[in-house]
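Residue numbers (our numbering), protein chains in the order written: chain A, 29 to 167; chain B, 27 to 193.
These aren't lab readings, by the way, just hints derived from the structure by calculation.
Some clues are possibly wrong.
[Claimed, not checked] Lysine-lysine pairs mimicking BS3-like chemistry, simulated, CA-CA at most 30 Å apart:
| hint | chain 1 | residue 1 | chain 2 | residue 2 |
| --- | --- | --- | --- | --- |
| 1 | A | K158 | A | K30 |
| 2 | A | K99 | B | K153 |
| 3 | B | K159 | A | K158 |
| 4 | A | K30 | A | K61 |
| 5 | B | K74 | A | K158 |
Here's the letter readout for the chains.
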Amino acid sequence: MKLQRSTSIALCSILEAAASPERLVSAPEIAEKYGVSPHHLAKVLQQLGRARLVVASRGVGGGYRFVGNPKRVTLLDVIEIFEDISARPAESGDKENATDVGRALALVLSEVDETARATFRSITISTMLKLIARERPGD
Amino acid sequence: MYPSKHSHAPQSPPPEISGPTRGFSIRDASAADLDQIIAIDAEITGLKKVDYWYEVFHRYGARARQQRQFLVAEVDGRVEGFILGEIRDWEFGEPPCGWVFGISVRPDARLGGIGTRLLDAICAGFKRGGVTKVRTLLARDNNLVMSFFRAQGMMAAPFIALERDIA
Chain A
29 MKLQRSTSIA LCSILEAAAS PERLVSAPEI AEKYGVSPHH LAKVLQQLGR ARLVVASRGV
89 GGGYRFVGNP KRVTLLDVIE IFEDISARPA ESGDKENATD VGRALALVLS EVDETARATF
149 RSITISTMLK LIARERPGD
Chain B
27 MYPSKHSHAP QSPPPEISGP TRGFSIRDAS AADLDQIIAI DAEITGLKKV DYWYEVFHRY
87 GARARQQRQF LVAEVDGRVE GFILGEIRDW EFGEPPCGWV FGISVRPDAR LGGIGTRLLD
147 AICAGFKRGG VTKVRTLLAR DNNLVMSFFR AQGMMAAPFI ALERDIA
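Construct the entire structure; sequences and hints are all you get.
Right, dumping it as structure tokens:
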């Protein structure tokens, strides 16, 4: 399973900000750490702001703060701002999906999609922060 | 799955654990707890399964077998939640590990750490029984309980549950 780049950047940004609730996380800091262009990151952060997951503070020492509830916001909540990973219904105009083979393939793909959604829906930002701490070398 | 016929290291009863904030204790379930356990389960699932819980208590209660555990969290004489599970050997070809078959906490008693303490207590029992891994199985759409287990650090096990209709 591969998430779109914007989604991945959004998750990294949210997790960076949620990990340090006592301070503002700067966009250049995120851009540098994750190797993302400042322009792309700005667009992602703007969308996260519209979704009321981060707020921005401008000026010297400015940056972003996560304002969601880390025990309630899930990975799926963030992902769905940027892409639709729901089980895809067969498109009516698609000839493949009108065949037995197409329908059987759709059934298997739907199984994969539903498992992915259940996984993302069950992991909160708070749980991810614990997982990150566990994966940190030396911990 | 079926109960293991293999024995494990003898277990002593779990030490009584008191919660830091609300003074709850974790102990073995007793027959006197069954009415409350049935009520908690009925409140959550919408089904009152009296015979089922008596049968579960017969199999898991009072340390029916050393590797089985049925624990309750109690506050001032009121059962606020319960957990049950057992150590099974070579289930699905895997080395012995602890399985949690059920955990429930009264809706009005949640977010107080009771579920965490119940899981910790059953894991301590599994560890005393000589295993170092705990597993569970739950419905994919049971997001509340899946989120709880995730928050406890549980990750996907190397299994896929399969089913089919039997004509």
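- Message: Going through the numbered hints above, which ones does this structure break? Give me the numbers in ascending order.
- Response: Number 5 only.
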